[in-house]
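Start from the sequences and build out the full structure, keeping to the hints where you can.
To convert, note that position 117 of the sequence shown is 146 in the working numbering; the numbers rise steadily by one, no gaps.
These are calculated hints, taken from the structure and not from any lab test.
Just so it is clear, the structure is predicted and the values come from calculations on it, not from any experiment.
For every residue, glycine included, the Cβ atom is placed at its ideal position computed from N, Cα and C.
Hints are supplied without guarantee of correctness; some may be wrong.
What the hints assert, rightly or not - FRET-style restraints, in silico, Cβ to Cβ: (1) 149 with 32: 23 to 29 Å; (2) 154 with 126: 37 to 43 Å; (3) 151 with 63: 25 to 31 Å.
As the list claims (entries may be wrong) - The list that follows gives simulated cross-link-like pairs (lysine-lysine, DSSO-like), each with its CA atoms no further than 27 Å apart: (4) 89 with 132; (5) 36 with 127; (6) 127 with 89; (7) 36 with 89.
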Amino acid sequence: MNMQDQKTAAELLWQAANGGQAIAPLREQFPHFTNEDAYAVQELNTRRQLDAGARLVGRKVGLTARSVQQQLGVDQPDFGMLFAHMAHADGDPIPWRKLMQPKVEAEVALVLEHDLPEPGITVAQMLRATAFALPAIEVVGSRIADWNIRFVDTVAD
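Here it is, written out as structure tokens:
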């Protein structure tokens, strides 16, 4: 996949989010869509959000459960960004109408005392950086129609 295709995929996701209309799976629209392409698309939209004034407040690790990995035919977790407009404190209203195909999952949130070095951190570095853990509820959504997702779709989305 070339850079122009990555930009096109990023634009499709951006328009889906802003128009509230889910799109066909990216892996079907771009048959040679690799994991690396998916992270490049994610990075393009991350930069676009930051340029639009969004504030990055954390990172997300997904696909951590073996059962979900098996369901999607993957053997690794995926990683994404958490922006301030996506985080809600206990008691805050959730903007359900703005979410695409929302689902709710129980999670564990780690609150860090300091930033982690990138890339390739060790478990020891992670433990030293963690101030505390707490239960969290994740409201997940998908810009991919009917949740017809595979690894590359979740990463890019």
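Verification of the hints:
1. 149 with 32: 23 to 29 Å: Check passed, 25 Å falls within 23 to 29 Å.
2. 154 with 126: 37 to 43 Å: 40 Å, holds
3. 151 with 63: 25 to 31 Å: Between residue 151 and residue 63, where Cβ atoms are some 27 Å apart, the hint holds.
4. 89 with 132: 16 Å, holds
5. 36 with 127: With Cα atoms ~24 Å apart, residue 36 and residue 127 stay inside 27 Å; holds.
6. 127 with 89: This hinted pair holds, its Cα atoms lying about 20 Å apart.
7. 36 with 89: 23 Å, holds
Hint violations for this structure: none, all hints satisfied.
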